[in-house]
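Asker: Listed here are the chains, written in short residue letters.
2 protein chains.
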Amino acid sequence: MNILEYTKQVKDKVDKYLAGKIAGSLEVKKLYDASYHLIGAGGKRLRPTLVVLGARIVGESEDKVIPAAASVELLHTFSLIHDDIMDRDEFRRGVPTVHKLWGESIAILAGDLLFAKAYEAMLDEEKYGIPLERILAAVKILTWIAITLAEGQTLDIEFVKRTNIGEEEYITMVEKKTAAMFKGSLAIGAILGGGENSIVERLSEFGRLIGIAFQIQDDILGITGDEKTLGKPVYSDLREGKKTIIIVHALNNASEKQRKTILTVLGNKNVTVEELRKVVEIIKSIGSIEYAAKKAKYYTLKALDILNTIPARDNKAKSLLKELATFIIERRY
Amino acid sequence: MNILEYTKQVKDKVDKYLAGKIAGSLEVKKLYDASYHLIGAGGKRLRPTLVVLGARIVGESEDKVIPAAASVELLHTFSLIHDDIMDRDEFRRGVPTVHKLWGESIAILAGDLLFAKAYEAMLDEEKYGIPLERILAAVKILTWIAITLAEGQTLDIEFVKRTNIGEEEYITMVEKKTAAMFKGSLAIGAILGGGENSIVERLSEFGRLIGIAFQIQDDILGITGDEKTLGKPVYSDLREGKKTIIIVHALNNASEKQRKTILTVLGNKNVTVEELRKVVEIIKSIGSIEYAAKKAKYYTLKALDILNTIPARDNKAKSLLKELATFIIERRY
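Residue numbers (our numbering), protein chains in the order written: chain A, 1144 to 1476; chain B, 1144 to 1476.
Zero decoy hints are in this set.
Chain B stretches covered by chain A per the calculated footprint, using a threshold of three residues with CB under 8 Å from any CB of chain A:
id : region
1  : 1169–1175
2  : 1225–1238
3  : 1255–1267
4  : 1272–1280
5  : 1292–1303
Rather than coming from a laboratory, the hints here were simulated on the basis of the structure. Using N, Cα and C, we set each Cβ at its ideal position, and we do this for glycine too.
Chain A extracted, bound-state conformation (with noise of 0.2 Å):
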């Protein structure tokens, strides 16, 4: 099994258990559909995957963390809808956000109702045999993800007001906005199977590292992917004036002139599709995209370096990981 097919079987599971977690008596049917809309909509389940490949690697089976990894999930998609929100984007894996077809009360709700099923979700491990111990120790690691991701996405925010942000801050922002979930998947997954303290520890710097390549192979995604395949448009980092690793390379190594151009886009949300194709061709020739590409390959390949000093007693479940970490930087989609 390789692993789209590994996240296929995973996705089945935890979709299952899903499908029951979200549900609510009929007077508040509405909260309970906008909550489920982008968890039925698709998405790739790479977290849940990661928790269950955390809990394999130290020895565990795969079906007593479902709960664990449906509660990245829940938490994934609480901050999906929350963040959709604040950057006014419209569409998401194919269909429209939570907030353009219920409003925006409604998609708040929804998102605070997500946060809590995700802790919901992750005391269920209790009813499937993990000890006490172990459940509140994973309950500490969903915090630290929830506190991270709200300060992630803050960052995020206040980059877009600035021009000149430097490589180092934009991979502070990534770390908290996209790899601490990576990193703390993996730690959940392997402190319910009852992984070692230091074999728990480089499992989270596997995760934090590909993370961050995850994020930057996003960045190309929103410049070079196709609008259907991604399920969102192209180029709306751009018109959000996001500062991609892309745009921040762009940015630090335009001359004069092409960095007035670049600018002239940037969070402009009137700006045309032929505008946005030229400042592209600009970001290209400064050699803007080759740049990340070749950053998301750096982490990958320091990531792969990791998971190689860590003793699987699953090594399908090592050959696994080293799959995903590979898929991350080369998906399409």
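Given chain A's structure and the hints, the job is docking chain B onto it.
Answerer: Showing chain B alone in chain A's frame:
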């Protein structure tokens, strides 16, 4: 020490704990400032007081449950910040709301951060020597409160669009929006204190009943209260079209003509204070405010009946709970 002096004592301890809890690195200072804003602006700390008294009544000391008391205040503040966005409220606790000062995106994130911080605080109970199984049970209650809050706020919003709300529906909404947190706060205190199931259940029911009474009193103050004492504009429930028990009673008991007049101001943001005063006179003439006060008293008396059946390890805590129940319906703020 009377109940007001006691809530002040709890507030001091909880606020000291909170000041240390809501602190982040310089780069995300804005997020933490926004998160701390309403906490620093005041508040009665009734919910933390319920946690502490719930623990004391089963024989646990106040100091051991301060993080849990802070936890419910954090969850409460999270919900205030998000609710204020949805309701477009501009003042709370005598200061501008978080979204008015920092914008909607940071307000959403500040709420999210406090939500996570509520869990972080609860997990701190481990350092205060509370057994793991009790902490996990408290985390479950916290999660139940959060889920129920989201459902309650959904109903509150949905009811704005409707003019045919019955009293039963109102009570269901209030049980979720307000009473769940009173109920859960007492349950958390009693559980962390190691109280028997039967006592936890009765304290929970006491909490639910005073929670309903609290909301009814809030509804009353929204019409009869003093703007300065309340820290928020009077009549905003009417302007926002909220289905308070007063409005529910008035609409269900008005003449056709009165009903029409009331409906012209409900949810009408452009209505003048003069017009609102006229409608309040109509509502008074229907007897709806009197009716609400009678209902609040009814729930308080039911709550006190239950409290009387609870054997207390700490009689002072029990009498403070009695005072608190009475304060809730006598307060002017």
